[in-house]
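Take these sequences, add in the hints, and give me the full structure.
Here the protein sequences come in this chain order: A and B. Take 1294 as the starting number for the first sequence in this note's numbering and just add one per residue. Take -18 as the starting number for the second sequence in this note's numbering and just add one per residue.
I should point out that these hints are in silico values taken from the structure, not numbers from a laboratory. One or more of the hints may lead you astray.
What the hints assert, rightly or not - Here are the simulated lysine to aspartate or glutamate pairs, EDC-like style, with alpha carbons at most 16 Å apart:
id : chain 1 : residue 1 : chain 2 : residue 2
1  : B       : K422      : B       : D345
2  : A       : K1470     : B       : D7
3  : B       : K351      : B       : D301
4  : B       : K247      : B       : D301
5  : B       : K334      : B       : D7
6  : A       : K1470     : B       : D301
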Amino acid sequence: MIEFFNSLSFSNCMFYMFSGVIILSAVAVISVRNPVYSVLFLIVTFINAAGLFILLGAEFIAFLMVIVYVGAVAVLFLFVVMMLNIRNRPLCTINRQLKYTAIFISGIVGIEIFFLTRNWGKFSGKECINRVVENETVSNTEMIGQVLYTEYFYPFQIAGLILFVAMIGSIVLTLRKRAGVRRQVTSKQLYRTKENSLILTSPKIGEGVQ
Amino acid sequence: MGAPIFAEVSFVIVAFVYLFLSFVRDQKRIAQLLSYITLGILVSLFLYFIGDLERFIGNIGGFFNVTKLVMSSKLLILFVSIVLLSLVGGTFFWKDYLFARAEFFVIFLFMLAGSFLMIEAFDFLSLYLAMELQALSLYVLLAFKKDDPAAIEAAVKYFVLSSVASGVFLYGVSFIYGVVGDTNFLLVYEALNSILSVEGSEKTIIYIGMALVLSGLVFKISLVPFHMWPPDIYQGAPIWVVTLLATVSKIVGVTVIINLLTGPFKALSDQWELFFLVLGLLSIAIGSLSALAQNNLLRFLGFSTIAHMGFISLSMAGGDYMGLEKAYVYLIIYVVMILGFFSLLMEGKYRLKYIGKKLENLDDFAGFSKIAPGMSFMLALFLFSLAGIPPLAGFFAKLYVVIVLVRENLTVYAVLALLFSILGAFYYLRLIKFMYFDEPKDKNFTCLEFDFKTFIFFRVPSLLCMLFIIFYAIWPNRLINFVTFIFE
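Below, the structure is given as structure tokens:
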């Protein structure tokens, strides 16, 4: 036990802290009754995972984690959960069959991870996998930027096109003209002149404007 | 200089320009204009490409590699899209303004760019990205008919299944990357060659990876374990998009698979021959048997697609360049047949809708030869060709596959495939029987009149396809020689 505590360096300490919080909050995500809390715990999980990436020296992925998952995905979840108005349901209503399926699938993933950790050495020795981080003096954000815009220029551009198509597609599919909606037609507004919109009369008492 | 991906870049640039036209208020007129402009662009690209195929051959950054095979697939896709745009013009003429928006042409051009990039991809990374670009555009096109629940259902179904398929594809790529350490086709090919010569446990990982990669791609051409989508989607989606799925998507799928089989997986031919043999036979069996129970025409065509793709798969199982060549010949003939058939079907649908009738189920075709004699004659020719009746092109396509199988000593499979396709032939012939030997449902029918614009938009493309399938028998060697030339 004492040897274990002596071996703890700062980064080891941080690793145990981050992964402990990840496990606890991941359990909390599926066991908390209020869905809003559960999404908040998901955010805690993501932030701690970002911490793990920083420990690994992959600060770019860490920031990506925070910006994309916390900043966009989790906030979107939060909006959806709050808009759906889901009641707090007791946990035991979960379908039993579904529970067994979940256990089965996580069992498969568990076995895969087990075998992967045992055979780790087989795959890490390949030269091409570590090709990007060969220059230690440059930060890896800079390195990724350099590779992305030179060697991987074409795939990067296609990825951009994919996002563009997704954007256009979602606009095309959701924009619809409904009947009975009063919209602003700028050209009609601009075509209005004094002649066709203004009447100057002097109504007599008791008759009003005809 | 940049010539190999000239077409894709121009598609993207033109699409961006079109996007600005979606601000214009009168979208119907803009869409009509855009359909002519796009048609012009595609025709000029077609003529530019056909002038000198070998000028565009080259490799770009290790991610794309244009070969003669890729160029000929591009030409085929361009031909199909020219016909498709003509059909879009036809829908506008029949006052169907579903596609009358500038965004439609933007997404269509992105779909074309994605297809082109996909067939010339030379790296698993760029292949995956191009696949997503094409698939994403297809999802949007499928869901274009927002008010129709059946179309939305079809779109969601395709979206979910296709996403799962690309997930499977990526999973397979991760296995190959884990063993080889790179995703470039050439490097994978060299690495697999050296790995397979040594005994070791990494072989299994490669086999699993290859099977998963091919499964992800086989989804696109709907071979049997991944065949659940065509019937439902053919029935629900707008018929123009169905035509797109039945032609462009299949050309791309088969070309990419041929690229993989002659490229990175060349050393594994023993394994993938078995894979395609089993899948092909199953596809023919299930496609032909399930088609028997259908009453909806488009559903039936969905099953018939599965059976036809089964023949292509069987031909690939012949291994060697011979089998792949004949698979490609089958693909060309199939695409031309189905394109002509669909453009006739679209014309029939619009014309009957105009006089207040439907053309959905098979018994709607009762006495169709008296209502529209010319159209029924052409439909009958296409059906004969799809069934594989001798003087027409469809017969030769099947014949080549059988020859390949017999040469490879797989005679049993050839016999089984032919037996199942006889079952399928019954069904094609039944439709002809409905058209020619049954009386129309209401007695006082009127003959459809000749209409010049409909003739130009719908009939001319299908006439071109019909000429191809009739006169193929006179010069079969031209196509064969061309395919041999592009495969060498």
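Here's how the hints hold up against the structure:
1. A hinted pair counts as satisfied when its Cα atoms are at most 16 Å apart, and B/K422 with B/D345 qualifies at roughly 8 Å.
2. A C-alpha spacing of about 14 Å is found between A/K1470 and B/D7, which places the hinted pair at or below 16 Å, so the restraint holds.
3. For the hint linking B/K351 to B/D301, the alpha-carbon distance of about 49 Å lies beyond 16 Å, and the restraint is violated.
4. For a cut-off of 16 Å, the pair hint linking B/K247 to B/D301 stands: about 9 Å separates their Cα positions.
5. Between the alpha carbons of B/K334 and B/D7 the distance comes to roughly 26 Å, so the proposed pair goes past 16 Å and is violated.
6. A hinted pair counts as satisfied when its Cα atoms are at most 16 Å apart, and A/K1470 with B/D301 does not qualify at roughly 56 Å.
Hint violations for this structure: numbers 3, 5, 6, all remaining hints satisfied.
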